[in-house]
Amino acid sequence: MTDTTDNPTVTLRGDDRTVSLTRELTPAGERLRLETDDDSIRLDALALESLTWQEDEFFTELTGVEYAPGENPVSTDETLQIGNEYTVVQLTVFDTDDGPRLEIDSPKLGYSCRLGVAELVALSRKDMSLFSDLLHTPMGPVDDHDDDPLFH
Numbered sequence: 001m002t003d004t005t006d007n008p009t010v011t012l013r014g015d016d017r018t019v020s021l022t023r024e025l026t027p028a029g030e031r032l033r034l035e036t037d038d039d040s041i042r043l044d045a046l047a048l049e050s051l052t053w054q055e056d057e058f059f060t061e062l063t064g065v066e067y068a069p070g071e072n073p074v075s076t077d078e079t080l081q082i083g084n085e086y087t088v089v090q091l092t093v094f095d096t097d098d099g100p101r102l103e104i105d106s107p108k109l110g111y112s113c114r115l116g117v118a119e120l121v122a123l124s125r126k127d128m129s130l131f132s133d134l135l136h137t138p139m140g141p142v143d144d145h146d147d148d149p150l151f152h
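If you read the sequence shown in UniProt numbering, its first letter stands for residue 1, the second for the next number, and so on.
No lab work stands behind these hints, which were simulated from the structure alone.
Bear in mind that the values here come from a model prediction, so they are computed numbers and not experimental data.
Ideal Cβ placement from N, Cα and C applies to all residues, glycine included.
Take these hints with a grain of salt, some might be off.
To be verified - Taking CB as the label site, the calculated pair distances span: (1) Glu71 x His136: 30 to 36 Å; (2) Asp37 x Pro107: 21 to 27 Å; (3) Leu109 x Val74: 21 to 27 Å; (4) Asp97 x His136: 32 to 38 Å; (5) Thr96 x Asp16: 14 to 20 Å; (6) Thr96 x Asp133: 24 to 30 Å; (7) Asp133 x Asp39: 15 to 21 Å; (8) His136 x Lys108: 25 to 31 Å.
Using the sequences and the hints given, assemble the complete structure.
And the structure:
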């Protein structure tokens with residue numbers, strides 16, 4: 001896998017749309033700038049991680065079309081990493097039968113998701129309140145931690 005730290009921009013194209021993903025250093029830490037022709041949003045590692053434990057229905061509602069993580073994924077050498085003092089997420093572009101997908105992986109929590117151009121475009125149009133809502137379950141789905149005394 002190639003570390004794209006020296007060239008921190010990855011581009012996904014599909015359905016006549018383009019999404020650019022750029023790792024940026026800000027005074028508040030690392031951010032992923034998700035940019036389309038119309039919109040952009042900057043997300044930190046926690047916001048990105050909050051996407052990894054969402055159910056397929058979340059992404060279907062986000063775009064209005066049935067979510068498909070992509071069949072027969074093949075990893076490319078396009079990768080980025082976004083981190084802060086709380087977590088690190090690894091971003092990898094995959095080629096699939098359904099077009100390119102960005103995998104967002106949280107090694108710390110063991111969750112990941114693969115998002116296509118449609119999901120990324122939809123996310124670029126949202127504001128940060130969406131991610132604040134997703135972080136109401138900051139360690140992933142509550143069901144996975146029901147037996148863990150740390151969560152009671």
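Evaluated hints:
For the hinted restraint 30 to 36 Å between Glu71 and His136, the CB-CB distance of approximately 32 Å keeps it satisfied. Hint check: Asp37 to Pro107, Cβ distance near 32 Å, so the stated range 21 to 27 Å is violated. The beta-carbon spacing between Leu109 and Val74, approximately 25 Å, falls within the hinted interval of 21 to 27 Å. Checking the proposed 32 to 38 Å range against Asp97 and His136 shows it holds: the Cβ atoms sit about 34 Å from each other.
Take Thr96 and Asp16: their Cβ atoms lie about 18 Å apart, and the range 14 to 20 Å holds. Distance hint check for Thr96 and Asp133: the Cβ-Cβ separation is about 28 Å, which falls inside the suggested range of 24 to 30 Å. In this structure the hint that Asp133 and Asp39 lie 15 to 21 Å apart at CB holds, the actual value being about 19 Å. For the pair His136 and Lys108, the supplied restraint of 25 to 31 Å is violated, since their beta-carbon distance comes to about 18 Å.
Checked against the numbered hints listed earlier, the structure breaks hints 2, 8; every other hint is satisfied.
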